[in-house]
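Asks: Below, each chain spelled out in residue letters.
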Amino acid sequence: GENVEQHPSTLSVQEGDSAVIKCTYSDSASNYFPWYKQELGKRPQLIIDIRSNVGEKKDQRIAVTLNKTAKHFSLHITETQPEDSAVYFCAASGAGSRLTFGEGTQLTVNP
Amino acid sequence: NAGVTQTPKFQVLKTGQSMTLQCAQDMNHEYMSWYRQDPGMGLRLIHYSVGAGITDQGEVPNGYNVSRSTTEDFPLRLLSAAPSQTSVYFCASSAGQEWDTQYFGPGTRLTVL
Numbered sequence: 157g158e159n160v161e162q163h164p165s166t167l168s169v170q171e172g173d174s175a176v177i178k179c180t181y182s183d184s185a186s187n188y189f190p191w192y193k194q195e196l197g198k199r200p201q202l203i204i205d206i207r208s209n210v211g212e213k214k215d216q217r218i219a220v221t222l223n224k225t226a227k228h229f230s231l232h233i234t235e236t237q238p239e240d241s242a243v244y245f246c247a248a249s250g251a252g253s254r255l256t257f258g259e260g261t262q263l264t265v266n267p
Numbered sequence: 007n008a009g010v011t012q013t014p015k016f017q018v019l020k021t022g023q024s025m026t027l028q029c030a031q032d033m034n035h036e037y038m039s040w041y042r043q044d045p046g047m048g049l050r051l052i053h054y055s056v057g058a059g060i061t062d063q064g065e066v067p068n069g070y071n072v073s074r075s076t077t078e079d080f081p082l083r084l085l086s087a088a089p090s091q092t093s094v095y096f097c098a099s100s101a102g103q104e105w106d107t108q109y110f111g112p113g114t115r116l117t118v119l
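Protein sequences, first through last, are from chains A and B. Residues 157 to 267, numbered by our numbering, are exactly what the first sequence covers, in order. Residues 7 to 119, numbered by our numbering, are exactly what the second sequence covers, in order.
Please note: incorrect hints may appear among the correct ones.
[Unchecked claim] With beta-carbon atoms standing in for the labels, derived distance ranges:
no. : chain 1 : residue 1 : chain 2 : residue 2 : range
1   : B       : A58       : A       : N266      : 19 to 25 Å
2   : A       : D183      : B       : T107      : 19 to 25 Å
3   : A       : I218      : B       : P89       : 36 to 42 Å
4   : A       : T264      : B       : T107      : 24 to 30 Å
5   : B       : N34       : A       : I218      : 25 to 31 Å
6   : B       : T107      : A       : G197      : 19 to 25 Å
7   : A       : R217      : B       : S75       : 41 to 47 Å
8   : A       : T225      : B       : S75       : 41 to 47 Å
9   : A       : G211      : B       : F16       : 41 to 47 Å
10  : A       : L196      : B       : P67       : 26 to 32 Å
Honestly, the hints are just simulated from the structure, not real lab data. Virtual Cβ for every residue (Gly too), placed ideally from N, Cα, C.
Whenever a hint applies, use it, and build me the whole structure from the sequences.
Replies: Okay, here's the thing in structure tokens:
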């Protein structure tokens, strides 16, 4: 089955800096790669996603890049703000809508 | 639109007890799933369903049963609770295509003593 690895497990940045979280996946049949943000005690919420026919997608300060050949994808957050502090999860999905999640990255943005 | 709802929010069980975690969605979603979340281990898929009457096992199905008699409801049953099942449980649903957004419920925090 699919295996998703996520790095780093913790990331601390200064407000205004950029943050990058990287994930690799194992199943070349996976075609959909969402990113979720989870604040403490809350449910995971989708922040951005990308399909395999696209190499990059941006939404304001957030972008995701995908390299299907290398089987890795990354989340980029620019101009970080304290409210960006949360746990971020990457995931990969193939046929059947099964999502396999990475283990999460605790992002801390220091004012 | 309530989205995905889960009950209860918190539950404490003794080892060996059984219980059912409830999950419902009002978005007419075909795909529903259950995850457990443990510290440092992300979200792991327990069981999922691609439509009423159809269920399948995920990554960590042992000790759990599910059924899907209606499109709206997808209960998760713990047959004989064990301390290893202490976790936060999330239900999720999506329209069913692999690129459709999965929406999560608020979660149930379960402690097994």
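Asks: If a hint holds in the structure, say so; if it does not, say that too.
Replies: Hints, verified against the model:
no. : hint                        : in the structure
1   : B:A58 x A:N266: 19 to 25 Å  : violated, 49 Å
2   : A:D183 x B:T107: 19 to 25 Å : holds, 20 Å
3   : A:I218 x B:P89: 36 to 42 Å  : holds, 39 Å
4   : A:T264 x B:T107: 24 to 30 Å : holds, 27 Å
5   : B:N34 x A:I218: 25 to 31 Å  : holds, 29 Å
6   : B:T107 x A:G197: 19 to 25 Å : holds, 22 Å
7   : A:R217 x B:S75: 41 to 47 Å  : holds, 44 Å
8   : A:T225 x B:S75: 41 to 47 Å  : holds, 44 Å
9   : A:G211 x B:F16: 41 to 47 Å  : holds, 44 Å
10  : A:L196 x B:P67: 26 to 32 Å  : holds, 28 Å
The structure shown violates just one earlier hint, number 1.
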